[in-house]
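A.B. asks: Sequence lines, in order, name chains A and B. The first sequence runs 326 to 768 under the numbering used here. The second sequence runs 5 to 440 under the numbering used here.
No wet-lab data here; the hints were simulated from the structure. Beta carbons: idealized from backbone N, C-alpha and C, even for Gly. Mixed in with the good hints, there may be bad ones.
Each pair of labels, with its calculated beta carbon distance range [claimed, not checked]: (1) D345/B - A495/A: 32 to 42 Å; (2) M5/B - D406/A: 20 to 30 Å; (3) L669/A - C229/B: 51 to 61 Å; (4) R456/A - G220/B: 45 to 55 Å; (5) A183/B - E408/A: 23 to 33 Å.
Only pairs whose alpha carbons sit at most 35 Å apart, straight line, appear in this in silico DSBU-like list of lysine-lysine [to be verified]: (6) K240/B - K332/B; (7) K240/B - K280/B; (8) K332/B - K444/A; (9) K280/B - K444/A; (10) K332/B - K280/B; (11) K444/A - K499/A; (12) K280/B - K613/A; (13) K732/A - K613/A; (14) K499/A - K11/B.
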Amino acid sequence: MPADRSRLPALGPEPTFTFPDLGKHTLPNGFLLLLPVGAAADPVDRPGLAAVTGDLLDEGCGDRSAIDVHDVLGRMGAQFDTEVGADATILNMTTLSRAKERGLELLGDMVMRPRFEQKEFDRVRELRLNRLVQLRDMPPSVADRAFAQLIYQGHPYGHLAIGTEGSLRALTLKEVVGFHRRAYSPSRLTLIAVGDASHEALGEMARRVFGDWLPGATESGGEPFDAALAPPPRVPTERLALVHRAGAAQSELRIGHVATSRNTPDYHALLVLNMVLGGQFVSRINLKLREERGYTYGARTSFDFRRGPGPFALQVSVQTEVTVEAVAEALGELRAIRGDRPVLPHELALARAALTRGYPRSFETAEQITRAVAQLALYELPDDYFSQFVARVATVDAEAVTRAAEKYLDPSRILTVIVGDRERLSPSLPRLELGAASEVSMA
Amino acid sequence: MQIPYTKRTLGNGLEVVVHEDHAVPIVAVNVWYHVGSKNERPGRTGFAHLFEHLMFEGSQHHDRGYFHPLQEAGASLNGSTNADRTNYWEVVPTNAIELALWMESDRMGYLLPALTDAKFNNQREVVLNERRQNYENRPYGFAAMAIVGALYPAEHPYHWLTIGAADDLRAAAIEDVRAFFQTYYHPRNASLALAGDIDTDRALHLAETYFDEIAGGHEPPPVACVETGAIEADTKLLLEDRVELPRLYLAWHTPALFETDDAELDLLADLLANGKTSRLYRALVYDQRLATEVAASQNSRELSSFFQVVATAAPGRTLAEVECVISKELERMAAAGPAVDEVERSLAQAEAYFVYRLQTVGGFGGKSDQLNAYNVFVDDPGYFDRDLGRYRAVNAGSLRAAAATYLARDRRVTLSVVPRGRTALAIPGSMPVAVS
């Protein structure tokens, strides 16, 4: 019997799903080590220190040189990476089940006994300096850097984790050793383990590897800095900033301002708001700038929820010729959702459904699960956060979304950063009525 | 190790492959059409990919955006085009499987009535922006174009990139779209894979319900049969670009996907440049600090593949210095082969990779995508263990032989990408190449 194409088929009854009860399918093992110390803990004159320290952990640890460490990882067929963000350093490892003990031992060596050898430090520093050089030509990176710098003046979130050239050149290995000693202590680290073993067995492994680790004496440098405690950043005076990129085929845009932190009581309302505004393909920003106008390959918005107040940003790369039109449309959308065109019932339904019905997809792999649990540790969320998620989102109504938009999107504070061709743009920028464009040099 | 499946061919020629995995209450739906940029011709490049965009713009019985009902049901979805094939997928909660099949079948069978000039013109603009974002406004963005342009003769299906030429895109007309759809987008040229929380019988029944009514269509015309064209010398090319550091690209012709030595070359890429223990990383980055990064890959494709090594010179270093080290290492590999521990490590990683591939049902590279790849390229969804077998059969001798046969210095394309005005950093004797 052929399908009925007069209407879309109805959805069946919603399947039940409880986290983290996921059945025994994950053959690989996942480990994640979380240290709630990231770029925000960089001393003011040493942006990049946390990242270099994190990067050096696998460059020789315990009995093994850098090459040996990676030889072992290779032989185990393990996947490993380190990332340093604004608030945290995360070491992530996926191994086959039979290699999990070796994997955890290696992770233990990395955090407890990194060798911090001079030649590895020199090489890592040089690679980062070279990377900084290359990032100068990548519009998204230039835009991110300018945006953070301008909206977070004088604040620990005002720099990217990789740091700056001046800081990296001046940095010494001794400072890295000191940072590691201050920041990496047993009381501060969380180990998350997922995989084909009982809770008892995983706990026993962790005790074997980490049980004898004594907290080091903290240096006079004191506790690493928590951005949640920093005074709020100064609001930039300019509304428009331009980083010149001669002959650019597209303008890279960042439009937004400092928003709020992960522990905001309006978290679920903001997730829904963001979905409506620019959090998925079917969203106001993307449909307008891509599907309706053809200005771009894709546009999105995001609230970056951090320990301190993270940024709200609209990100898009548009054809140079339509830069001013695109900015005007974007600003229009950010204003409209606060009042003139508040969220409509079908938009609300779509946003909530996308968040709740799509939820189980986020828990397929070992790494997805460890990352999800890491959130609980980093943001001090309740253990039932995941099982409450769907219910909390389901209660967000149109009023809550509109209130969140009014409270957290502030047209008077929005900064528009454009990385693009000054020569072709400057005649038309005044049409935006955002005042003079402050020219930012990203040397 | 395998991905257990059931395969059935519907009356109209559509092949359906089903794999059950009830770990998470989601189902992956994945459709492959056996058409890619290799089916285009010069003057009309970029077409398969532009067409892929149009598949998201509505079909006869749902003449609205494709994303909306699926995102509302909690799906993630996407598609992609490459030289050999176009794939479309969604991962839906279990209760939305019929919606996903309804949507996929509607655009397979009934796309054209909903196609309008406005949609066509809009998506053309979107694609031109994609081109700007990923190629024109990006450092080294034109290198890939230069490489394939030099590796393959002008009439060869792999001579152009999937994104196509901007002029060709602007010259495309809506009639071309209709013809393209009729030629390539029908059940007989497609494969449907379902993987996840679904019962096999139900999956097959639903596939039949939604897809069997669509006319099967005819065998599409074969791809233009053009000789790959041997590279008979070290072909040195030059591109100036807005970049800070010079970068070297080396490329060689190699056997096609799944052919003899394809697995060897894949592992050679790992051995040579994947991670800190690799030959080139150690020589170039770790020991001599000549390069900031190095990568290697066996780009396996249906008609023929190419092997590529890419290295970015450190500040103050020339590409000649970098090239010298790479060539020496390749010659050493061709003469003496890899060491025992190198082979062990590569095999361990390859084996582990096959295990990690089993973790997801959907998306790019998930189990449903893999089943379709095997089905379309070797007519056997169960190829997984034989694919792994190819890697297990690799040894030091076969790796040495593959390096010797395929990675010779005088049979490659050598592209220098240098900062504007700094041509002295390029390999001496490089000829400027024009790409846009």
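A.B. asks: Does each hint fit the structure? Answer for all of them.
C.D. replies: Status of the hints after comparison with the structure:
1. D345/B - A495/A: 32 to 42 Å: holds, 39 Å
2. M5/B - D406/A: 20 to 30 Å: holds, 25 Å
3. L669/A - C229/B: 51 to 61 Å: At roughly 55 Å between Cβ atoms, C229/B and L669/A fall inside 51 to 61 Å, so the hint holds.
4. R456/A - G220/B: 45 to 55 Å: For R456/A and G220/B the Cβ distance comes to about 53 Å; the hint holds.
5. A183/B - E408/A: 23 to 33 Å: At roughly 48 Å between Cβ atoms, E408/A and A183/B fall outside 23 to 33 Å, so the hint is violated.
6. K240/B - K332/B: holds, 18 Å
7. K240/B - K280/B: holds, 29 Å
8. K332/B - K444/A: holds, 25 Å
9. K280/B - K444/A: holds, 15 Å
10. K332/B - K280/B: Satisfied, since the Cα-Cα distance of roughly 19 Å is no more than 35 Å.
11. K444/A - K499/A: Holds, at roughly 13 Å.
12. K280/B - K613/A: Answer violated: K280/B to K613/A is near 45 Å, above 35 Å.
13. K732/A - K613/A: Judged against 35 Å, a Cα distance of about 24 Å means the pair holds.
14. K499/A - K11/B: Cα-Cα ~62 Å, so violated.
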